[in-house]
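S.K.: Residue numbers (this note's numbering), protein chains in the order written: chain A, -11 to 403; chain B, -11 to 403.
None of these hints come from the bench; they were simulated from the model. Relax, there's no trap hidden among the hints.
Treat identical chains as interchangeable: a pair holds within one or across any two.
Derived EDC-like pairs (lysine to aspartate or glutamate); straight-line CA-CA distance at most 20 Å: (1) 212 - 372; (2) 184 - 68; (3) 47 - 68; (4) 184 - 95; (5) 52 - 95; (6) 184 - 53; (7) 47 - 95; (8) 184 - 65; (9) 326 - 288; (10) 117 - 388; (11) 280 - 338.
For clarity, every value in this text was computed on a predicted model and none was experimentally measured.
2 protein chains.
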Amino acid sequence: MLRQLLPRAGRAWRAPAARQLLPCSLSARQPVRCYSIQPEAASRAKPLDVDPSRLSITKTSATKELKDPATLIFGREFTDHMLTIEWTQQDGWLAPQITPYQNLSLDPAACVLHYAFECFEGMKAYKDKNGNVRLFRPDKNMERMNKSAARIALPTFSPTAVIDLISQFAKLESRFIPDQRGYSLYLRPTMIGTQKTLGVGPPGSALLYVIASPVGPYYPTGFKAVSLEATDYAVRAWPGGVGDKKLGANYAPCVVPQTEAASRGFQQNLWLFGEQEYVTEVGTMNMFVAMKNKETGQKELLTAPLDGTILPGVTRDSILALAREKLAPEGWMISERKYTMKEVAEAADEGRLMEAFGAGTAAIVSPVRKISWKGQLVDCGLSEHEESGEIALRMKGWIEGRQYGDEEHEWSHVC
Amino acid sequence: MLRQLLPRAGRAWRAPAARQLLPCSLSARQPVRCYSIQPEAASRAKPLDVDPSRLSITKTSATKELKDPATLIFGREFTDHMLTIEWTQQDGWLAPQITPYQNLSLDPAACVLHYAFECFEGMKAYKDKNGNVRLFRPDKNMERMNKSAARIALPTFSPTAVIDLISQFAKLESRFIPDQRGYSLYLRPTMIGTQKTLGVGPPGSALLYVIASPVGPYYPTGFKAVSLEATDYAVRAWPGGVGDKKLGANYAPCVVPQTEAASRGFQQNLWLFGEQEYVTEVGTMNMFVAMKNKETGQKELLTAPLDGTILPGVTRDSILALAREKLAPEGWMISERKYTMKEVAEAADEGRLMEAFGAGTAAIVSPVRKISWKGQLVDCGLSEHEESGEIALRMKGWIEGRQYGDEEHEWSHVC
Chain A
-11 MLRQLLPRAG RAWRAPAARQ LLPCSLSARQ PVRCYSIQPE AASRAKPLDV
39 DPSRLSITKT SATKELKDPA TLIFGREFTD HMLTIEWTQQ DGWLAPQITP
89 YQNLSLDPAA CVLHYAFECF EGMKAYKDKN GNVRLFRPDK NMERMNKSAA
139 RIALPTFSPT AVIDLISQFA KLESRFIPDQ RGYSLYLRPT MIGTQKTLGV
189 GPPGSALLYV IASPVGPYYP TGFKAVSLEA TDYAVRAWPG GVGDKKLGAN
239 YAPCVVPQTE AASRGFQQNL WLFGEQEYVT EVGTMNMFVA MKNKETGQKE
289 LLTAPLDGTI LPGVTRDSIL ALAREKLAPE GWMISERKYT MKEVAEAADE
339 GRLMEAFGAG TAAIVSPVRK ISWKGQLVDC GLSEHEESGE IALRMKGWIE
389 GRQYGDEEHE WSHVC
Chain B
-11 MLRQLLPRAG RAWRAPAARQ LLPCSLSARQ PVRCYSIQPE AASRAKPLDV
39 DPSRLSITKT SATKELKDPA TLIFGREFTD HMLTIEWTQQ DGWLAPQITP
89 YQNLSLDPAA CVLHYAFECF EGMKAYKDKN GNVRLFRPDK NMERMNKSAA
139 RIALPTFSPT AVIDLISQFA KLESRFIPDQ RGYSLYLRPT MIGTQKTLGV
189 GPPGSALLYV IASPVGPYYP TGFKAVSLEA TDYAVRAWPG GVGDKKLGAN
239 YAPCVVPQTE AASRGFQQNL WLFGEQEYVT EVGTMNMFVA MKNKETGQKE
289 LLTAPLDGTI LPGVTRDSIL ALAREKLAPE GWMISERKYT MKEVAEAADE
339 GRLMEAFGAG TAAIVSPVRK ISWKGQLVDC GLSEHEESGE IALRMKGWIE
389 GRQYGDEEHE WSHVC
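Could you build all of it, start to finish, from the sequences and the hints given here?
M.R.: Structure below.
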């Protein structure tokens, strides 16, 4: 059990001082995208951090029937209970509670409903071959959630304390985790501002809660490659914006472009940025491309850098780490760098584009067949009967091996 | 009573077809900011629009005591009742209800809490000298709310039907409107996505509700000029984004920069955009500047154009209309154009900057004394003992005259 309470609850984010506002110089031709806001150490320590020893558990008297795993739809069915931790500016984090899953009663003036004081995480609990419940890199989720919260003036918390509570919650709900490969319990830590006020300011009260939804494999019958619409008429994120934080604010505005792409037969948007048409993200996933270098022929696995407009995905980070560990020795170059849609299209034209895939918690990897761009269909290297490239397939295997505890690894946290 | 039901309920916004995605050409030196998404005619008419004839009213049995108007804090106290209208994808808009003010019961997986499916309006009801309740340009608010809703895949509605319902609601709550000048009833129409799902997609159910909060004058003892911090390290809005819609998503990300500015003694952020440092908005208000032309000496009242990054404020529109009606004949040039912080600072240095003010529903106008920019304090033309320039003062008088019905005008809607 982790009990290393860090003295950092409270509101942690501060803008840089006036003299340090622009760490990067701007040029007229090349918009610089690295001046995103970074969280710093807590400026106002609160008296009470999240304290797992104060947890109270009220079990439901009406347990739900388990669904046939084959019928599960992502995020529709939830487990018996939920974890809640209230925060007030006066008292800090109150005693955590596990209660029966239930509706939240919110004042119609609650600030979450008006000004989007909300952030969340997506993570999964897995059952290993011995029946243990495991989380995958929960420290990364908690670190990101604290950054998201601080960016919108919501309180931060001790990551280890909340991991401890989530572990207890996941174990309590373990009967909802099917023990087949590919199945898991999707966990949704969420924080909302609850203060009743229409004044725009830092919320004086908040609620951190975690709900859980059993989910099946993203591709129940094996990979199914998707096709993307390169999107330039709507822009997901901007330098100085909040595209690198997991805020509700980043999601609703992307739904209509997604619906539009779908109406033209494309499953996801590929978000481009700027007149250079940099490739940023795909739908709600990070984007990876594998191609051969034009001059040297060296294989390169590349993804956009964390310049403030890219969500720092846990799967993205895991793929990069695995690539450096296992692909670099095979001669691959592993790159976090800006790249353009033109570069991808050229590589495709010249037969150098090996494969492309999205990366995220839901699917781990999501292979890409084609990208619609400026009236052409860019072929991403899969043959007609292939649904995944080799790298995506190997990555999925490596990551699942650690998620399900087949390989003992520090990324896997036994609850 | 307005009862002109327009057949446009449903989801109205569609991205332009692929060939029309970029109406403006892009140049390397001058980022073009006019390719914001525009709503179009409804693509999927729903069977039922909002129908005021189906309104049911349940009055409270516990009426609230009226507060001393002098003690009112913006958006903290609410009236006895609220107006609610539910929507489902299957049935369209259900029967409107006026009920006692009460908490909303929301599933913890409701999409508003995760993906910021939320938009709102700010408008006011005034009591005229005959005791009539009046709304100010409610058609503008409803038009904008439909655009906001459509942009995030929430349902649209007949503006006239909702104005009818808001009028009935405001009349029912008229005892909460103090009849002194400067007082009013702040109305907050809000729409949220209510579907219980963690899948990111168009909400299958929604709730439109209106709550009301009695408010006093923004400046109870006369104008008090504010000072601003020109902000470049955080960006409120960008081309292809949603800065021109009244979405919750635009608000939470601005609170920390606002807190930071306040910690340095500045009441609001002045949001700059791009390396050119265009002046866009001030806090949650539109920005106006009055200056003399460098060459001709002609007086110019200017504000940023509606290029997709600027909120189309009702007060902004009213000021522009009044300026064209009353100031242009006095020789003023009235401009909606891009202007830079450098331009403002130069005008100040050369004694050509006459005044600057924010414009919004809360304050009508909010005079600006100084702007902190690149280590200098730009003086906005007020002398030491002045709290407002002449134009701000005249605008406030003209607008209040129409709001309170002193001047009969089409902008004022008698409930």
